[in-house]
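*Asks:* Chains as they are written, first to last, in the numbering used here: chain Z, 2 to 148; chain H, 92 to 468; chain W, 525 to 872.
No lab work stands behind these hints: they were computed from the structure. One thing to keep in mind: the hints can contain errors.
Stretches of chain W that chain H covers, calculated by requiring three or more beta carbons in the stretch to come under 8 Å of a beta carbon on chain H [stated by the list, open to error]:
| # | region |
| --- | --- |
| 1 | 623-634 |
| 2 | 695-707 |
| 3 | 722-731 |
| 4 | 743-754 |
| 5 | 769-775 |
| 6 | 797-804 |
Here are a few chain W residues that sit away from chain Z, every Cβ distance over 12 Å (derived from the structure) [to be verified]:
| # | residue |
| --- | --- |
| 7 | E541 |
| 8 | L547 |
| 9 | P676 |
| 10 | W766 |
| 11 | D812 |
Now the in silico label distances, taken between C-beta atoms and shown as ranges [stated by the list, open to error]:
| # | chain 1 | residue 1 | chain 2 | residue 2 | range |
| --- | --- | --- | --- | --- | --- |
| 12 | Z | A7 | H | G170 | 42 to 50 Å |
| 13 | W | E583 | H | H146 | 49 to 57 Å |
| 14 | W | P572 | H | H244 | 46 to 54 Å |
| 15 | W | P801 | H | A435 | 17 to 25 Å |
| 16 | Z | S70 | H | R248 | 53 to 61 Å |
| 17 | Z | E68 | W | P555 | 47 to 55 Å |
| 18 | Z | E71 | H | M122 | 31 to 39 Å |
| 19 | W | E583 | H | D369 | 25 to 33 Å |
| 20 | Z | A7 | H | V132 | 49 to 57 Å |
| 21 | H | D230 | W | P555 | 23 to 31 Å |
| 22 | H | P398 | W | N856 | 36 to 44 Å |
| 23 | H | S131 | W | I551 | 51 to 59 Å |
Yeah, the Cβ is synthetic: ideal placement off N, Cα and C, and Gly gets one too.
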Amino acid sequence: MKVVVAPEHSFASGTRRIVTVAGRSIGVFRMGDRFYGVRNRCPHQGGPLCLGRVLGDAVAEVPGAAEVSESVLLLACPWHGWEYDLETGQSFMGGTEPGVRSYGVGLEPGGVLSAELHAARTERVPGPYLAETFDVFVEDQYVVLET
Amino acid sequence: MIGAVDLSAEDRTEGEPLVRLVDSDVHAQPMPATLMPYLSVDARRYLERYGRRTHNDMHAYPRARGAGTRLDAWPAQPGAPPGGDPELLRSQLLDEWGVDYAVLQVLNALDCYDPADIAVELPRAINDWLTQAWLEFDDRLRAAIVVPHEYAHLAVREIERRAPDPRFVAVLMPANAQELLGSERYWPIYEAASAHRLPIMFHTGGFIRNLGAGPPSYYIASHVNTSPAMQTQLVSMVASGLFQALTNVRIVVTECGVSWVTALRWAMDSAWELMGPDHPRLERRPSEYIHDHVWFTTQPVEEPAEPQHLLYAIEQAQLADRLLFATDYPHWDFDSPTQALPRAMDAKLRAAIMHGNALELFGLRPVRSQPSPLATP
Amino acid sequence: MDVLLPYLSDYWRQYLEGAMIGLHGLIDAYPPGAPTSASERARSFPAPAVPSGYPALRERVLDEADAELIVLNCLTALEAHRNPYYAAALATAVNDWVRDEFLSRDERLRASIALSIAVPDDAVAEIERRADDPRWVQVLLPVRSELPWGHPSHHAIFAAAERHGLAIGLHAWGRPGQAPTPNGFTSTYFEDYLANQAVAQSQLVSLVCEGVFERYPDLRVVLIECGFAWLAPLLWRFDKDWKGIWREVPWVKQLPSEYVYRHVRATTGPAHLPREPRAIRQLLETIDVGRLLAYASDYPHDHGGGLPRLLSELDNERRDAVLTTNAAALYNRARPDRSPDRDGVSAP
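So here's chain Z without its partners, still in its complex pose (with noise of 0.2 Å):
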């Protein structure tokens, strides 16, 4: 199902909506050109994801000399703060449990994206918990969700 948002030029960079389909709430962020939807519901406890922080990763090579770096942008739920790419939904808290639930990732034009490429932009291991998401594109000059 193809859902308008909004009109693009009204769309700023950096912004974000919540809206609900079938029942389902979503968020819908803009950064730069691109788009991302989440659902709105954190794997871990039922939060609402959304609703937390945007932000780069932050590495350090060795202790105190903390970056922050761009290569992927996490959203961190506002509850307990657990994070998860805004992309793939994928979360890097370490460990190699068994049972990851994959979703349905949304294709991006020009190819699929994996965990392993996710692990390689953030040297994090990707952990088990997955944040569902959504396709999100300009078509018409409106900015269009696909659930």
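For this one, chain Z is given, so just place chains H and W on it according to the hints.
*Replies:* For chains H and W alone, coordinates are given in the frame of chain Z:
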């Protein structure tokens, strides 16, 4: 699923809904100016000029996000902190989750190091504010009595003042104070509370020296360390003979998690077997004292990768009738009433934790006199 | 004390004698009359219970021991005197004495290097002084400290230990002038005794949070006489908090439990365990003792009979690991591969 406690027919009036959810740890937070009207002129002047000379460690350990709060719990009113708006707390906690009773803990005086004149006024101001702004606002709210705990005689006076109001259901103490909590300097407080059948809730925070291993460098470390710190406090209470001397005292370890109790009981019992006869205040096995006198709020409940392991810990520590569910709203490590506990937990245990144990401990009616506006299934 | 005097300079000899300093090896921690200070068997020999010479060690321990290697820990220097120069001189004297009295007399013996930590340079110098002698296998530190062990001010010690393949041993007790609990001094021995396991928990948290195992990826830390049954709940709490607060310590790149299982071991005492086999079996589901534990007799101390109950629940492979191979890996002084683990399996 939140199950319900079985009740006999006599306990409820026709149509009264059963209590299903008691939240034993919720925080109301006054705005900076809120308490001033409740204080004397002298106290107000002193505080305005000098502030509180306190030694909590919140400045040393900035809380991870939003000053330690859920980011969605900030009221619209400028300057109002999470927990500062009764309307928001009612809608976001009580109504949204179907909370039947919530026990409010105001932590502003937990680090009591004020001079006596301030120390006597500030808790009184907090309790007055709690009564007028909260207990009068929604009949689902209850509160722990804030006391100037480093001045035991003044604390006893405050307990006596509030005890006649049945909406005060506990006495609030910190998990960290100037002396170990088993110290006899605090016993008059425990005695006064117990005389009124009020449990004493020892809440994370307070006057923290960080001895033992020394002060950690990070909030995350200090947060994890609340667990071993409370372990030493329980040892102190057992060793002091408190539970032997005050046979009706009931305490609640609050906001420290639960699964560490198991190994601590084993360690205390082993030590008691080795050296108990030499310690006259340890007549009984320590785990018996713990079981008879100590309750625990669940939050922040540990979430092992294998949920069954949490159930082992509960079973081994005999906690089935000692756990009290708590959300800790509006703090960041909020436990969801529907998501935080393992799904595999059986309905009877869940019901005890979600409301049964708290009803019994706090002496609350197992039925609501009014239905909650919105009860979640 | 007499045995150490020859190893001290004239100045420090006069200092000791003048102040009538008695070196009792942590008398606060192990008061001679306390049941935990010495087993019945240890008490059957003439006092002091702690062997103060090789003949006593051989008679009381070695002749009975079915061990290939025995690691000696002399706790005298854990008293951490405030005079930093005395502390350094004492540590050097203790190590010289242990070398001459024990290590040189029996090939089965290994030992931990006593240190003064008051001046980190002195600690590193003492490590360097001993490093070429393969009979030193560990650096001995008290589990109680004024700044947690992970703090950057301690890192030079870890660097030196890692450089030479020495384990870091955090031993119960130490620093008698320091309060044992976060909130102050205890009054009973019961409380003081039980404080060690709480301090050990905080020290583990510190080591991980400060990135010690990222900075020193070959470092191994041993919790000695601090217990272990408390570990799983601590790691559940720690892992969960890290998931939400990792940004404060972004150099902690993995779950805390992964660092702990890879880098930390614990000796088998005190084995404060339940009696019911079912409870022990449940405990064994929550911690991987086959990776974690290294057997220690802890002679002459006595912490009760928990260990046999644990061992009886283990299969042969895990029992061998606990009794032999874990300690062998820990103390082999060779610079291990990146993962000192046997098999690199992640934490349960």
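*Asks:* Evaluate each hint against the coordinates.
*Replies:* So, going through the hints one by one against the coordinates:
For a cut-off of 8 Å, the count of residues in the region 623-634 of chain W with a CB near a CB of chain H stands at 0, and the three-residue condition is violated. For the region 695-707 of chain W, the assignment as covered by chain H holds, since 6 residues bring a beta-carbon within under 8 Å of that chain's beta-carbons and 3 suffice. Check result for the region 722-731 of chain W against chain H: holds, 7 residues qualifying (beta carbon to beta carbon below 8 Å, three or more required). Note: the region 743-754 of chain W has 3 residues with beta-carbon separation from chain H under 8 Å; the three-residue rule is met and the coverage holds.
With a cut-off of 8 Å between beta carbons, the region 769-775 of chain W has 5 residues touching chain H; three or more are needed, and the interface restraint holds. Counting residues of the region 797-804 of chain W whose C-beta lies closer than 8 Å to any C-beta of chain H gives 3; at least three are required, and the coverage claim holds. At roughly 45 Å, the least C-beta separation between W/E541 and chain Z is larger than 12 Å, which holds for a residue marked as non-interface. Its beta-carbon lying about 37 Å from the closest one in chain Z, W/L547 satisfies the requirement of being farther than 12 Å from that chain.
Once the 12 Å rule is applied to beta carbons, W/P676 is inconsistent with being away from chain Z; the minimum gap is 7 Å. Once the 12 Å rule is applied to beta carbons, W/W766 is inconsistent with being away from chain Z; the minimum gap is 8 Å. Non-interface call for W/D812 relative to chain Z: holds, since the shortest CB-CB distance, roughly 14 Å, exceeds 12 Å. Remark: the range hint 42 to 50 Å for Z/A7 to H/G170 is contradicted by a beta-carbon distance near 32 Å.
Range check, W/E583 to H/H146: Cβ separation about 53 Å, and the 49 to 57 Å hint holds. Remark: the range hint 46 to 54 Å for W/P572 to H/H244 is upheld by a beta-carbon distance near 48 Å. Taken as a hint, the range 17 to 25 Å holds for the pair W/P801 and H/A435, whose Cβ atoms sit roughly 23 Å apart. Range check, Z/S70 to H/R248: Cβ separation about 57 Å, and the 53 to 61 Å hint holds.
Against the hinted window of 47 to 55 Å, the Cβ-Cβ separation of Z/E68 and W/P555 comes to about 52 Å, which satisfies the hint. Checked against the given bound of 31 to 39 Å, the beta carbons of Z/E71 and H/M122, roughly 37 Å apart, stay inside it. Hint check: W/E583 to H/D369, Cβ distance near 30 Å, so the stated range 25 to 33 Å holds. Z/A7 and H/V132 have their C-beta atoms about 55 Å apart, which keeps the hinted 49 to 57 Å range intact.
Separated by about 57 Å at the C-beta atoms, H/D230 and W/P555 break the suggested range of 23 to 31 Å. At roughly 38 Å, the beta-carbon separation of H/P398 and W/N856 lies within the given 36 to 44 Å, and the hint holds. Range check, H/S131 to W/I551: Cβ separation about 53 Å, and the 51 to 59 Å hint holds.
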